[in-house]
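J.: Turn these sequences into a full structure, and let the hints guide you.
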Amino acid sequence: QQQVKQSPQSLIVQKGGIPIINCAYENTAFDYFPWYQQFPGKGPALLIAIRPDVSEKKEGRFTISFNKSAKQFSLHIMDSQPGDSATYFCAATISGNTPLVFGKGTRLSVIA
Amino acid sequence: KAGVTQTPRYLIKTRGQQVTLSCSPISGHRSVSWYQQTPGQGLQFLFEYFSETQRNKGNFPGRFSGRQFSNSRSEMNVSTLELGDSALYLCASSLGLAGSDEQYFGPGTRLTVT
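Sequence lines, in order, name chains A and B.
Per my numbering, residue 2 is the first one in the first sequence, and the count goes up by one each step.
Per my numbering, residue -9 is the first one in the second sequence, and the count goes up by one each step.
Keep in mind that the hints were calculated from the coordinates and are not lab data.
Where is the CB? At the ideal position from N, CA and C, for every residue including glycine.
Hints may be right or wrong, so weigh each one.
Unchecked claim - Here are a few chain B residues that sit away from chain A, every Cβ distance over 12 Å (derived from the structure):
(1) I2
(2) T43
(3) N61
(4) S90
Unchecked claim - Each computed BS3-like pair below joins lysine-lysine, with the alpha-carbon atoms no more than 27 Å apart:
(5) K6/A / K59/A
(6) K47/B / K105/A
(7) K6/A / K3/B
(8) K72/A / K3/B
(9) K43/A / K6/A
(10) K43/A / K58/A
(11) K59/A / K72/A
(12) K72/A / K16/A
(13) K69/A / K59/A
(14) K43/A / K3/B
(15) K69/A / K16/A
(16) K58/A / K69/A
(17) K43/A / K69/A
(18) K69/A / K3/B
(19) K6/A / K58/A
Said to hold, decoys possible - Covered, in the sense of this in silico footprint (three residues per stretch, anywhere, with C-beta under 8 Å from a C-beta of chain B), are these stretches of chain A:
(20) 41 to 52
(21) 63 to 70
T.: Structure representation (structure tokens):
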């Protein structure tokens, strides 16, 4: 029940494409869903986060779509650039109660 | 504002030895969480400290321990190292409890056990 399943494991898109990374969870008590971006040799950095009271959130080229009934959420990267090549992690938690539970990560490569 | 710092950045130890890793959180942050990152298992939670008290503990053996000091700096210790302990150990700090506030990660300590 504490798992977050992330797919795909890896993704290759051309510059300008829209990569989509999906995550699914089981625990309906989760109420905070962040996405992290990690470059080689660096720690993960918070990219964007959503709570279940909204179905979509945009920050720049990054959009989270949230489907509460399906217990799924996804990250879309608009107009992807080679600099977006990184590993992306979704996570979930019960605010103030449990630690972040991370998906296994998606390695994204954006080729010019 | 300085970010989360971790020392050392790289460490090579022999099986059976013990190791201590250090984490200095962002100034003013009271929560420090530790994670183990491996290619196979991804990011796995080790423990969280808030105001010097362990709040949560992940599913790791007792060989993994930690503590937090009054200045919020934290250390984690691994005793009787095993080959499988080779990983990137990440520390993250937040203003309040993890999950309530944004977590900021350090660059990690790369531990290699031979």
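J.: If any of the earlier hints don't hold here, list their numbers in rising order.
T.: Numbers 4, 7, 8, 12, 15, 17, 18, 21 - these are the hints that the structure violates, sorted from lowest upward.
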